[in-house]
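Asks: Sequence:
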Amino acid sequence: MFEVREAIDEDYEFLFELKKVAEYEPVKAVFGWDENVQKEIHRNEWNEAKPTIIEIEGAPVGSYLVQVHPEHLYFGRFFLLPACQGKGIGSQVLKTVIQLANEKSLSIQLCYLQGNRVGQLYKRFGFEVTKQDEQFVHMLKPRL
4 MFEVREAIDE
14 DYEFLFELKK
24 VAEYEPVKAV
34 FGWDENVQKE
44 IHRNEWNEAK
54 PTIIEIEGAP
64 VGSYLVQVHP
74 EHLYFGRFFL
84 LPACQGKGIG
94 SQVLKTVIQL
104 ANEKSLSIQL
114 CYLQGNRVGQ
124 LYKRFGFEVT
134 KQDEQFVHML
144 KPRL
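In short: position in the sequence shown from 1, add 3, done, that's the numbering used here.
In case anyone wonders, no lab produced these hints; they're calculated from the structure.
Note that CB positions come from ideal geometry on N, CA and C, so glycine has one too.
With a Cα cut of at most 30 Å, we get these calculated DSS-like pairs of lysine-lysine:
(1) K90 x K107
(2) K107 x K53
(3) K53 x K126
(4) K53 x K134
(5) K98 x K53
(6) K134 x K31
(7) K22 x K98
(8) K42 x K134
(9) K126 x K107
Estimated spans, in silico, between C-beta atoms of each pair:
(10) H72 x E38: 25 to 33 Å
(11) Y77 x V24: 19 to 27 Å
(12) P145 x K23: 31 to 39 Å
(13) Y77 x F17: 21 to 29 Å
(14) D37 x P145: 32 to 40 Å
(15) A62 x F34: 24 to 32 Å
Work the whole structure out from these sequences, hints included.
Replies: Here it is, written out as structure tokens:
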């Protein structure tokens, strides 16, 4: 179905374009899209931690990031190209992350922009809203 690998320097531009395709409308609605600001955020996120790349037949189609903290996993930067959405890839990625959290006896925390339909997927997998405001929705999947 798909394979994953760690991001490399050559993925930098793809990841920015992926984020733009996936989040342009929610970012525009919440903050207004400023290309320079978004490029700076992307650079900072890249320098903080490199995500996992999702590939189909050797071509990158998405990304996600899992950060292990002492009390929880943080799941973020989860984007799929529109043509790859609704095909079970997101569900499979979440199952893998949930399995990792269960193995480590950790909860999973995440945050996404208001207006992003990914929240429906998270709810199907047992994530609960812990906090939200006009900009973000924060969710938690308690540890088992």
